[in-house]
Every structure is written in structure tokens, then in C-alpha cells.
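Let's have the full structure, built from the sequences with the hints guiding it.
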Amino acid sequence: MRLEIKDLRVHYGKIEAIKGVSVVVNEGEIVTLIGANGAGKTTMLKTISGLRPVTSGQILFNGEDISKMPAFKRADLGLSQAPEGRGIFVGMTVLENLEMGKYNRKDRKKEMAEDLEKVYHLFPRLKERAFQAGGTLSGGEQQMLAIGRALMSRPKVLLLDEPSMGLAPLMIQNIFNIITEINKTGVTILLVEQNAQQALQRAHRAYVLEVGNVVKEAKASDLLNDPAVRAAYLGTGAH
Amino acid sequence: MDFALLRDAFWGLTFDGIALGAIYALISLGYTLVYGVLRLINFAHSEVFMIGTFAALVAASGIMGVKVEDDPRTGGSMILTLLVCLLVAMLASAITAVLVEIVAYRRLRQRGATKLATLISAIGVSISLVELFRIITDSLPREFPRIMEKTFLFSYAGADIRNDKVIVIIAAGLMMFALERFITKTRLGKGIRAVSMDENTSTLMGVNINRVITVTFFAGGIMAGAAAFFYILVYENTSFKVGFFLGISAFTAAVLGGIGNLKGALFGGFALGLMETWTSAVFGTAWKAVISFIILVLVLLIKPTGLFGESIQQARV
Numbered sequence: 044m045r046l047e048i049k050d051l052r053v054h055y056g057k058i059e060a061i062k063g064v065s066v067v068v069n070e071g072e073i074v075t076l077i078g079a080n081g082a083g084k085t086t087m088l089k090t091i092s093g094l095r096p097v098t099s100g101q102i103l104f105n106g107e108d109i110s111k112m113p114a115f116k117r118a119d120l121g122l123s124q125a126p127e128g129r130g131i132f133v134g135m136t137v138l139e140n141l142e143m144g145k146y147n148r149k150d151r152k153k154e155m156a157e158d159l160e161k162v163y164h165l166f167p168r169l170k171e172r173a174f175q176a177g178g179t180l181s182g183g184e185q186q187m188l189a190i191g192r193a194l195m196s197r198p199k200v201l202l203l204d205e206p207s208m209g210l211a212p213l214m215i216q217n218i219f220n221i222i223t224e225i226n227k228t229g230v231t232i233l234l235v236e237q238n239a240q241q242a243l244q245r246a247h248r249a250y251v252l253e254v255g256n257v258v259k260e261a262k263a264s265d266l267l268n269d270p271a272v273r274a275a276y277l278g279t280g281a282h
Numbered sequence: 023m024d025f026a027l028l029r030d031a032f033w034g035l036t037f038d039g040i041a042l043g044a045i046y047a048l049i050s051l052g053y054t055l056v057y058g059v060l061r062l063i064n065f066a067h068s069e070v071f072m073i074g075t076f077a078a079l080v081a082a083s084g085i086m087g088v089k090v091e092d093d094p095r096t097g098g099s100m101i102l103t104l105l106v107c108l109l110v111a112m113l114a115s116a117i118t119a120v121l122v123e124i125v126a127y128r129r130l131r132q133r134g135a136t137k138l139a140t141l142i143s144a145i146g147v148s149i150s151l152v153e154l155f156r157i158i159t160d161s162l163p164r165e166f167p168r169i170m171e172k173t174f175l176f177s178y179a180g181a182d183i184r185n186d187k188v189i190v191i192i193a194a195g196l197m198m199f200a201l202e203r204f205i206t207k208t209r210l211g212k213g214i215r216a217v218s219m220d221e222n223t224s225t226l227m228g229v230n231i232n233r234v235i236t237v238t239f240f241a242g243g244i245m246a247g248a249a250a251f252f253y254i255l256v257y258e259n260t261s262f263k264v265g266f267f268l269g270i271s272a273f274t275a276a277v278l279g280g281i282g283n284l285k286g287a288l289f290g291g292f293a294l295g296l297m298e299t300w301t302s303a304v305f306g307t308a309w310k311a312v313i314s315f316i317i318l319v320l321v322l323l324i325k326p327t328g329l330f331g332e333s334i335q336q337a338r339v
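Residue numbers (our numbering), protein chains in the order written: chain A, 44 to 282; chain B, 23 to 339.
Think of the hints as simulated: they come from the structure by calculation, not from any bench. C-beta: ideal position from N, C-alpha, C; glycine also. Possibly wrong hints are sitting among the right ones.
Listed below are the simulated DSSO-like cross-link pairs for lysine-lysine, each with C-alpha atoms no more than 30 Å apart in a straight line [to be verified]:
#1 Lys116(A) / Lys207(B)
#2 Lys137(B) / Lys111(A)
#3 Lys310(B) / Lys325(B)
#4 Lys152(A) / Lys199(A)
#5 Lys153(A) / Lys207(B)
#6 Lys199(A) / Lys207(B)
#7 Lys161(A) / Lys310(B)
#8 Lys170(A) / Lys207(B)
#9 Lys57(A) / Lys137(B)
#10 Lys170(A) / Lys116(A)
#11 Lys170(A) / Lys137(B)
Here are some of the chain B residues that sit facing chain A, going by a computed Cβ distance under 8 Å [what the hints assert, rightly or not]:
#12 Gly211
#13 Arg215
#14 Ala216
#15 Asp220
#16 Asn222
#17 Thr223
#18 Leu226
#19 Gly228
#20 Ile231
#21 Ile313
Listed next, the stretches of chain A that the computed footprint assigns to chain B, with coverage defined by at least 3 CB atoms under 8 Å from CB atoms of chain B [what the hints assert, rightly or not]:
#22 46-53
#23 138-147
As C-alpha cells, then:
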């Protein structure tokens, strides 16, 4: 399952937020988009999942252009997202949140127990908290819930928006370990991150986004050693 | 002022207040449901109720052939007539509610209109429907034929318990229970709750927002239609302006409980029904609308989030 974005342009009113970006995510990869605030990272993910309309360009999911498809139908294709700010349904229990992740699956009932088991295996904490309201979870637990919920639909491609945001260092390690583990089960991942250090360590390939343009594309390990990237995003280069 | 009446007839008034409160609660559920998913006060909801009362009227006289001068029906014929009137009123109100959404709100929403534009559209629809029914009815009130003999079942502490109001209270309770089940247990109900908490994330989960909104208006309409039938069964008349006063009270009830919160709407409905009945015994029924306006103003001044102080986002419905 391959995700290919071709020459994508996205506007907020008259302002062009994405200025002709092309990104390829091959099956089995973790690809990361890094960049500063306002570079257009979240807009990229929102456009891929259909929350933002496309001005021009294509979003090819397994060769099919889905750029005009309504957002709620894209979930059924195997495209799943853990959104920015986690998007927890705060008044629902953890279990109900997870069930929402399977909202449209025809075989919901049959697969439910199986998929819950998988998610609980990755995040044992969610099982302990199953009947607690989503709003009562800590930030790290909410992030686990957002990722777990996205996995419930058995995605082929998983979009992760800033999974490390607002988390303690230990929890960040924990979350990224699990992201790697999910990828090893065959899920392709597109990861948007401000924590460039972690993202580049985990990803296979990376794109650097600056004010709506891709300014660099390379193997993640190469970017980790790139002086310009280190200076701009890792805060350690310019000694 | 007549405090003696309030004292002497307290339990009778309380019983009447609960019956009225049940009607308010059913209507206010519609305001609160729509507010939950759209963050919009559906000012046309009072007309959804109004149309329900006329639909019940048409069902009774047109479909079931009950005439105002007839004797009340009995046995199976009475039950059938009651049920047909209830169902027709619910259906008419629900369809009206859904049409209002499609005609007045959907296109605005899809073009990203401001809240104010949508609000004006809501008021416009409300006025149009009122005026339409003013023309249809020649501005005259309509009498509802008596379907069932109204008798006192028993007396308790000086309160005479009348059968039609008992039916209203029980049936309204059942409707509320059914709605609660629907919202918490069914897939569509969970969709409604999800959209009211986070619309974008719901879309990501594959929830069809437009469908959820349609279902929300339909459910609110069903409740308003049931309220309309219960109202006309007890009060036995309606007019094109019936929606205005009932709507204001039901809206006040929703705000009182905390708009967007289903339990708040129920609580607000019963609380307002009781307060209106008690206070109108003291000041006279002419003051009823004044009382609900005063309560509305007080709530907005003192606790704008309503008594429950939480929106549907936090509510464990």
C-alpha cells in the first residue's frame, strides 16, 4: 500500500499553506515530515485525510486519486489518523473511544474483540482504564488512546500528528518504541513531528518542510548527520 | 397574590407541573441535541412542535374521523386513535425538522457561513412557518376533539390525579428512556455523541457528519412531535402561535439545565414546569410567560452555563 502525494497545493482563504509538495510513502516505511511551527506539517496530514480541501494536485492511495473523496470515506480505505491534539472523545469511555475507531467497519462485531486485544497488548494501560472517561486520562494515556483508536480500523497507512507533543521524555520514548513496533507489524506510517531527533531516529526516510515547501528529502539517518538540519531542527549543529 | 391557593392545592399543582414539565422536557431535548452537534440554537424548533400539534389534529379528525361534538372513544378504538395521533405527530415533526435542516442550515454550513448567518436563517424559517400556519388557519385557534374520557383516577393529599396527565407523564418518561438508550447504545447515537464532542475526529473515524446531523434533527423532531400530541391531548386546542410560548419555555428549560446536556434538558424541563405552575397559582396564569422569561434572564446573568454547568462534551450522557 503506497501513498503518493503529487504537487499538492492547499489554501486557507487566500493564503497558500502548501505550495506544491510531493511526498512518497512506500509500503512498510516510516516516513517523517519535520519542520518548524507553521511549516504546513499538520495541514499536509489534514489534507491527506480529507479535512482540508485540495486546491490542486493529487493524493494517490494505492494508485487511486482520493483527493476529491469525502473525508469520512477515506477511513474505510485503510487510511487512519491519530490527529493533532489527540482528538479524544472526552465524554466517552476509553472502550467507547476505541469502538469509534471501527465506526464504519462492516465486520465490526466479529473483529472487535480481536482488535481490542491487539490494542490492549500494545497499550496495557488502556485496558486498565477501559471504563474511565477519555477526558480523565493523562496526556500520555490520551496519546496511547489516539493511536490505539486509529489502529482499530486495521489501517494500511497510519498518519500520526505530533505524537510526542506535550509528553514527558520517558513517555516520548515509550510512544516512539510502540510506533516502531506497529510499523514492524506491517503498517505503513507517515509521521509528522517537531521532535526531529526522535522522528529521524525512527523513520526510514524524511522530508524537511519549510513554509509550505519541501526543502530537503533524504534517508532519515543522513538527515540526522546533516549540519544544516542539525542546526535548524536538532539544536546541536552550530557549535 | 394568592399564597393560599398555592398552599391548599400544592400537590395538585405539583402534579400538573410535572405533566407540563414532561412536555417542556421533550421539546427542550430537541434544542439541546441540535446545539450539541451544531452549536446552533434551532429557533425553528418551536415551529417543529407547532406543526406536530396540527398533525395530531389532522390525524384525529381526518384519519380517525373523530369530531369535536362526538363522545370520547373507549377501549380499543380509543387506544388506536391515541396511538395514530401520536405517531402522525411524531412523524410530521421529525420530517419538518429534517427539512428545516436541509433547507435552512445545510447549504450555509457547507459554505462555511458564520454562526450569525445561520441564526438569522433559523429565525427566518421560524417566522415563515408561523405565518404559513397563520394563513392556513385564518389566524384562528383550533379545537382538538376529545379522544378519551378524562377522569380522576384517585386523590392524594387533596390532589386529583387525572388520567390523561398520568398517560402524558408515563409516555414522556418512556420516550426519554428510549432516547437515552438510542444515544448511548446504538451506533448512530454514538455518532451523535462523537460529533458533539469533536467533529473533525469523528470524520476521521468515518462518521458521515451530514447523516448524523439529519438523524439528530429527526430525533429532536420525534421528541417535539410527541410533546405536541401530549400538549394537545391535555389542553385540547392549538393555534399557529402555540410554538412561540412553548418554545420559549422549552428553550429556557434547556438553558436552565445547561444547553447541550441531555440530563440538563430533562431536569430543566421538569423544574420549569413546576416553577411555572406554582408561581402562576400565586400571580395568575397570565404571568406564566413572564416567569419563564425572568428565569431565562436570571440563568443567563448568574450561571450562563446552566445548572449542570457542563456541555455535552463533558457529559456522560
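These are the hints, each one checked on the structure:
Between the alpha carbons of Lys116(A) and Lys207(B) the distance comes to roughly 23 Å, so the proposed pair stays at or under 30 Å and holds. Restraint check: the Cα-Cα separation between Lys137(B) and Lys111(A) comes to about 27 Å, which is no more than 30 Å; the hinted pair holds. The hinted pair formed by Lys310(B) and Lys325(B) meets the criterion: a straight-line CA distance of about 22 Å does not exceed 30 Å. Taken as a hint, the Lys152(A) and Lys199(A) pair is honoured in the structure, with Cα atoms around 20 Å apart against an allowance of 30 Å.
With a C-alpha separation of about 17 Å, the suggested pairing of Lys153(A) with Lys207(B) holds against the 30 Å cut-off. Taken as a hint, the Lys199(A) and Lys207(B) pair is honoured in the structure, with Cα atoms around 29 Å apart against an allowance of 30 Å. A C-alpha spacing of about 59 Å is found between Lys161(A) and Lys310(B), which places the hinted pair above 30 Å, so the restraint is violated. Between Lys170(A) and Lys207(B) the alpha-carbon distance is near 21 Å, which keeps this suggested pair within the 30 Å criterion.
The suggested pairing of Lys57(A) with Lys137(B) holds, with an alpha-carbon distance near 21 Å, which does not exceed 30 Å. This hinted pair checks out: Lys170(A) and Lys116(A) have alpha carbons roughly 29 Å apart, not beyond 30 Å. Taking the CA atoms of Lys170(A) and Lys137(B), the gap is near 40 Å; set against the 30 Å cutoff, the hint is violated. Contact between Gly211(B) and chain A, as hinted, is not supported at the beta carbon level, the nearest pair being about 11 Å apart and thus beyond 8 Å.
This hint holds: Arg215(B) has a C-beta 7 Å from the nearest C-beta of chain A, less than the 8 Å allowed. With its C-beta approaching chain A no nearer than about 5 Å, Ala216(B) sits inside the 8 Å limit, and its interface hint holds. The restraint placing Asp220(B) at the interface with chain A holds, with a minimum CB-CB distance near 5 Å, inside the 8 Å limit. About 6 Å separates the beta-carbon of Asn222(B) from the nearest beta-carbon of chain A, less than 8 Å, and the hint is met.
The restraint placing Thr223(B) at the interface with chain A holds, with a minimum CB-CB distance near 3 Å, inside the 8 Å limit. Contact between Leu226(B) and chain A, as hinted, is supported at the beta carbon level, the nearest pair being about 5 Å apart and thus within 8 Å. A distance limit of 8 Å between C-beta atoms decides the matter here; for Gly228(B) the minimum to chain A is near 4 Å, and the interface restraint holds. Contact between Ile231(B) and chain A, as hinted, is supported at the beta carbon level, the nearest pair being about 7 Å apart and thus within 8 Å.
Using the Cβ-Cβ criterion of 8 Å, the hint placing Ile313(B) at the interface with chain A is not satisfied: the shortest such distance is roughly 33 Å. Figure legend: the region 46-53 of chain A, annotated as covered by chain B; annotation inconsistent (0 residues with Cβ-Cβ distances under 8 Å, at least 3 required). Under a criterion of three residues with beta carbons nearer than 8 Å to beta carbons of chain B, the stated coverage of the region 138-147 of chain A is upheld, 6 such residues being counted.
Comparing the model with each earlier hint shows violations of hints 7, 11, 12, 21, 22; every other hint is respected.
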